[in-house]
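S.K.: Residue numbers (my numbering), protein chains in the order written: chain A, 1 to 569; chain B, 1 to 569.
Quick caveat, the hints were computed from the structure, so don't treat them as lab data. Among the hints, a few may not be true.
When chains are identical, the list treats them as one kind, so a pair holds in a single copy or across two.
What the hints assert, rightly or not - List of simulated lysine to aspartate or glutamate pairs, EDC-like, C-alpha gap at most 20 Å:
hint	residue 1	residue 2
1	Lys231	Glu552
2	Lys231	Asp95
3	Lys558	Glu241
4	Lys558	Asp420
5	Lys286	Glu552
6	Lys231	Glu28
7	Lys506	Glu461
8	Lys558	Glu291
9	Lys286	Asp542
10	Lys506	Glu457
11	Lys506	Glu463
12	Lys429	Asp499
13	Lys404	Asp417
14	Lys429	Glu457
2 protein chains.
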Amino acid sequence: MESFGRNEIINLFASIALLLAAARVLGEAFRRFRLPAVVGELLAGVLLGPTVFGRIFPGAFAALFADGSPSTIALDGFVLLGVTFLLLIAGLEVDLSSVGKLGRHVAFISVMTIALPFGIGVATAALFPTLFGMYRSDPVFSLFLGVALSITALPIIAKILMDINLLQSEIGVIILAAALVNDIAGWIVFSIIIQLMKTGSVGVAEVVRMIVLTALVTGFVLTAFRWLVNKIIPWVQANTEVPGGVLAFIVITGLLVSTLTEAIGIHAIFGAFLAGIAFGDSPHLKQHTREVIHQFINNIFAPLFFVSIGMKVDFAQHFNPLLTAVLIVIAFATKVAGAMLGGKWAGLRLRQATAIGWGMSARGAMEIILGLVAMQHGLISRDIFVSITIMAVVTSLLSAPLMKAFMRTTGARGILDLSDRRLFIGALKATNAREAIGELAALAGERLGIDPNLIAETALERERIMSTGIGDGVAVPHARLTQIRAPRVAIGMSPNGIDFNAPDGKPARIVFLILTPENDQEAQIDVLSEIARLLGRAWTRDPVLRAHRYSEFVTAIKMARFGAKLSEG
Amino acid sequence: MESFGRNEIINLFASIALLLAAARVLGEAFRRFRLPAVVGELLAGVLLGPTVFGRIFPGAFAALFADGSPSTIALDGFVLLGVTFLLLIAGLEVDLSSVGKLGRHVAFISVMTIALPFGIGVATAALFPTLFGMYRSDPVFSLFLGVALSITALPIIAKILMDINLLQSEIGVIILAAALVNDIAGWIVFSIIIQLMKTGSVGVAEVVRMIVLTALVTGFVLTAFRWLVNKIIPWVQANTEVPGGVLAFIVITGLLVSTLTEAIGIHAIFGAFLAGIAFGDSPHLKQHTREVIHQFINNIFAPLFFVSIGMKVDFAQHFNPLLTAVLIVIAFATKVAGAMLGGKWAGLRLRQATAIGWGMSARGAMEIILGLVAMQHGLISRDIFVSITIMAVVTSLLSAPLMKAFMRTTGARGILDLSDRRLFIGALKATNAREAIGELAALAGERLGIDPNLIAETALERERIMSTGIGDGVAVPHARLTQIRAPRVAIGMSPNGIDFNAPDGKPARIVFLILTPENDQEAQIDVLSEIARLLGRAWTRDPVLRAHRYSEFVTAIKMARFGAKLSEG
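Full structure from sequences and hints, please.
M.R.: Written out as structure tokens, the structure is:
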């Protein structure tokens with residue numbers, strides 16, 4: 001506190017309040033129009049930075065954000081912690097196990113959506129140095145541009161998929177896993193580039209040393225550290241305040257890993273990202289704790305970081321329209337072409353593969369962070385930083401609508417969207433409700449990677465409160481689970497019928513086991529209302545009850561939809 | 001981020017991790033022994049500061065905490081924000097309405113527990129300047145010492161009262177309200193002193209100007225600002241993420257009020273305290289949001305602040321035993337005498353009034369913050385700061401046992417206080433109630449040195465009158481024993497369940513064997529009411545029933561407490 005005199009305290013507190021207020025207000029305004037809040041936060045920085053505020057009131061700007069004054073340094077410190085914590089929660093989101101699940105699809109798409117942007121990026125930088133304001137090509141910069149074009153913004157993709165209810169679908173898992181591979185690979189290569197740049201030399205020995213070091217640290221954090229953290233978290237939870245004790249533990253160990261990576265020459269934020277993956281993987285970490293961390297980082301630290309980005313440079317002075325346009329075109333074209341090629345080899349339909357490509361085009365905050373670090377290390381000019389930032393914003397804004405257009409999805413939670421062939425049993429062996437729920441839970445558990453007993457127990461507990469036979473041969477057992485993010489429905493047919501204690505006494509010939517996320521209150525209502533709408537009339541219901549193959553079931557449901565529309569006029 | 005090179009990032013992250021880890025570990029260790037965590041955090045600072053670490057490893061200490069380096073400045077910035085946020089949540093705790101409730105009692109005790117310490121403090125400083133290392137008395141310092149002796153640590157008092165179950169009692173409200181008046185009056189006078197000191201002059205016009213300014217700001221924040229905040233909070237909650245949006249709103253407006261108070265010459269942290277009172281008063285602010293703020297500040301920001309205090313000075317070099325002893329004696333004597341006098345006029349019993357006096361002797365963190373600000377303004381020497389800090393620690397440590405001794409109360413009765421690892425059985429072998437009671441009685445008998453058969457017989461006799469299965473898988477057998485002085489609880493889990501003849505027919509999956517002293521009628525009720533409160537809802541009960549290790553049980557009970565608090569809010 002000694003470093004801060006009265007004016008410094010006023011400057012520090014006023015500037016944090018001002019930046020945070022502007023970021024939050026514009027962020028919320030953008031969210032209102034269903035645009036990413038982060039774009040509003042960046043814009044707040046452009047308005048408060050040298051581009052607008054600094055140009056109109058140069059005196060006030062210089063006084064508030066004086067270079068080298070304690071308040072500016074402390075503010076910089078917050079921003080640094082902000083981006084570190086942001087990468088930490090980005091890591092928390094990562095589900096390592098998803099990478100292996102869909103091997104071939106993921107591998108082809110990952111490789112192609114990295115290789116094509118990377119190759120074209122490197123080639124562009126090498127062949128057209130003047131475009132980037134350089135007299136001759138620079139191999140380190142070429143590598144950087146390749147990496148910058150090949151990364152994908154994991155959180156934005158996850159958000160898009162959640163919005164259009166595809167997060168748990170097969171295609172959703174493919175996209176997420178591919179994006180994750182892109183992200184990790186991109187960061188590792190970028191760390192190596194930064195290190196190369198610092199040492200100045202680009203000798204083979206140095207490259208090998210960096211690759212080995214990075215691989216060692218990555219391996220250590222994702223294995224030994226992850227194992228250790230998972231052992232310690234239950235102890236911390238039992239012996240300290242919940243969730244405060246775990247919060248402190250995560251902050252402390254996250255900063256230690258960041259220190260370690262910075263010390264060996266990789267940027268600290270890569271360490272935070274790795275540590276986040278390790279924490280997020282622990283099943284002991286309570287959902288409530290994750291939520292509290294997210295709320296704090298996303299509402300205080302992250303906005304402060306994003307608003308500060310807009311303040312780094314004069315966006316008007318350093319705006320290069322040609323370079324920006326070229327980068328945007330390459331950014332989209334290479335990802336879409338890569339996904340089309342990879343998807344083709346993986347046997348996906350062209351339309352699906354194209355949609356994946358548009359989705360993976362979003363570069364998001366990751367890209368901007370990459371650009372910022374590169375600019376601070378003197379690797380790229382302000383012009384290039386501005387172009388990269390705008391490219392990240394444009395790709396993030398357009399990827400969702402473009403992907404949706406190609407997916408032709410409504411975002412609705414129809415039964416057919418929430419179920420699939422592998423969640424369907426044509427003839428249940430069960431003779432009572434308990435067995436039926438057990439059979440469907442076993443199927444759903446295997447399909448979704450959740451303990452079937454947990455699903456069955458949760459559904460049965462619900463069943464004990466009130467039985468879910470709704471009459472007319474339909475039963476709708478229900479389980480709310482923390483383990484899933486989007487609703488799913490497992491369907492079982494019973495030609496002989498199963499007693500579900502329905503009010504009309506009729507045995508159930510179709511059983512919908514509805515699984516909904518813990519925090520999604522409406523999912524169950526949505527599903528139930530569709531069931532009621534489609535199966536409420538005998539003439540649409542009977543064909544559904546008679547189905548014993550999935551294709552028959554789908555046809556019957558589609559017919560029922562058509563019929564329901566007709567009746568509704 | 002530009003201010004931070006690689007070494008600076010490493011220094012900043014490593015020092016935050018180091019300070020926070022040391023503070024948390026020692027804080028938790030102290031909590032284990034039922035001592036205030038803040039004392040452990042201060043001790044961590046003494047160990048890491050110039051007193052120990054700096055003395056043994058002067059080189060490493062100087063490198064890590066180099067004066068004027070960006071990482072030291074940024075760390076200072078965090079500490080400054082830490083103490084500001086700490087005062088903000090101290091303000092959140094304040095319940096303005098309680099002040100008026102018990103008019104006469106509160107007024108007499110408040111006035112006397114301020115007037116006596118203030119008067120004696122001023123007199124001591126004026127009459128014995130050499131004790132404080134001064135050649136002649138200084139009126140500003142005399143005023144400061146009066147204020148420093150007259151404040152009372154509101155959070156510590158609240159914690160003590162909570163521990164001994166008196167928070168909601170009449171005497172509890174008297175103590176809290178009196179402490180609150182002390183706090184606010186103390187801060188206002190202190191703000192005026194600081195301002196006087198800065199301006200140098202002690203002219204009457206200046207004093208009047210300061211009093212008027214302070215009164216105006218205090219009045220504005222506690223009326224217009226409070227009204228405005230209460231209007232805006234529901235809007236923020238409805239239109240942004242909960243609780244993240246409100247968190248950001250509180251941080252932004254809290255910093256703005258702090259900036260305002262700093263700008264008019266009162267210290268920024270007083271503004272944070274006032275803003276906290278205004279926020280805390282809003283009935284719209286959700287209990288969950290308050291809880292999240294507390295968790296973050298108390299586990300991250302506050303420990304960083306307290307550990308930094310220990311690092312401010314060399315506690316060994318500046319330790320003045322005589323001065324410290326004198327301050328401690330005056331601190332206790334004046335508060336107790338003030339409470340006795342005020343209590344007498346208010347018509348309280350002498351023993352009660354004395355107990356109030358011991359309770360109000362705790363000076364806590366507030367005192368240390370006051371001393372720190374005074375030292376930074378050059379008003380007091382390091383010797384005096386060290387003495388004041390030690391006085392604050394000693395009064396905080398002793399006030400609870402002294403008050404309890406005079407209240408003749410038995411102390412806390414939470415399940416976790418009455419049980420421990422050695423009174424827990426993760427999986428009972430018993431298959432019926434008799435065997436279960438026998439198993440738990442054997443454990444308790446061994447642990448407490450009582451004949452197990454006597455415990456079992458007494459509990460079974462009670463069981464024969466009416467069975468203690470209370471439903472939902474919980475059983476609460478009970479034995480009143482002359483052999484014990486304080487209640488104890490032995491806990492056994494039964495995965496398969498044991499029939500305790502519960503009204504709902506469900507077998508007991510958790511058995512609490514409650515042992516209470518013969519003459520303590522209320523002990524059983526206290527324990528039962530906590531069990532009902534924590535296990536009354538399925539979502540807090542189920543995790544407890546699933547525990548099969550003591551650590552899991554403790555975590556589940558803590559989560560249930562947290563959950564119960566949320567539901568009540």
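S.K.: For every hint, state whether the structure bears it out.
M.R.: Cross-check of the supplied hints:
Taking the closest pair of Cα atoms, Lys231 and Glu552 come within 20 Å of each other only across two copies (13 Å); inside a single copy the shortest separation is 42 Å, beyond that limit. With identical chains, the CA atoms of Lys231 and Asp95 are at most 20 Å apart within one copy only, with a shortest distance of 19 Å there and 41 Å across copies. Taking the shortest alpha-carbon separations for Lys558 and Glu241, only the inter-copy value of 8 Å comes in at or below 20 Å, while the best intra-copy value is 26 Å. Taking CA atoms no more than 20 Å apart as the test, Lys558 paired with Asp420 passes inside one copy only; the shortest distance there is 14 Å, against 41 Å between copies.
Taking the shortest Cα distances, Lys286 and Glu552 sit within 20 Å of each other only across copies (13 Å), while inside one copy they are farther apart (28 Å). With identical chains, the CA atoms of Lys231 and Glu28 are at most 20 Å apart between copies only, with a shortest distance of 19 Å across copies and 39 Å within one. Within a single copy, Lys506 and Glu461 get their C-alpha atoms only as close as 22 Å, which misses the 20 Å cut-off; across copies the closest is 13 Å, which meets it. In this assembly of identical chains, the alpha carbons of Lys558 and Glu291 lie at most 20 Å apart whether taken from the same copy (14 Å) or from different copies (18 Å).
Taking the shortest Cα distances, Lys286 and Asp542 sit within 20 Å of each other only across copies (15 Å), while inside one copy they are farther apart (25 Å). In the homo-oligomer, the alpha carbons of Lys506 and Glu457 lie at most 20 Å apart only across protomers (16 Å), although the nearest pairing inside one protomer, at 24 Å, exceeds that limit. Proximity of Lys506 and Glu463 under a CA criterion of 20 Å is satisfied in both settings, with 17 Å inside one chain copy and 16 Å between copies. For a Cα distance limit of 20 Å, the shortest separation of Lys429 from Asp499 inside one copy, 13 Å, qualifies, whereas the shortest one across copies, 34 Å, does not.
Taking the closest pair of Cα atoms, Lys404 and Asp417 come within 20 Å of each other only inside a single copy of the chain (15 Å); across copies the shortest separation is 56 Å, beyond that limit. Within a single copy, Lys429 and Glu457 get their C-alpha atoms as close as 19 Å, which meets the 20 Å cut-off; across copies the closest is 24 Å, which misses it.
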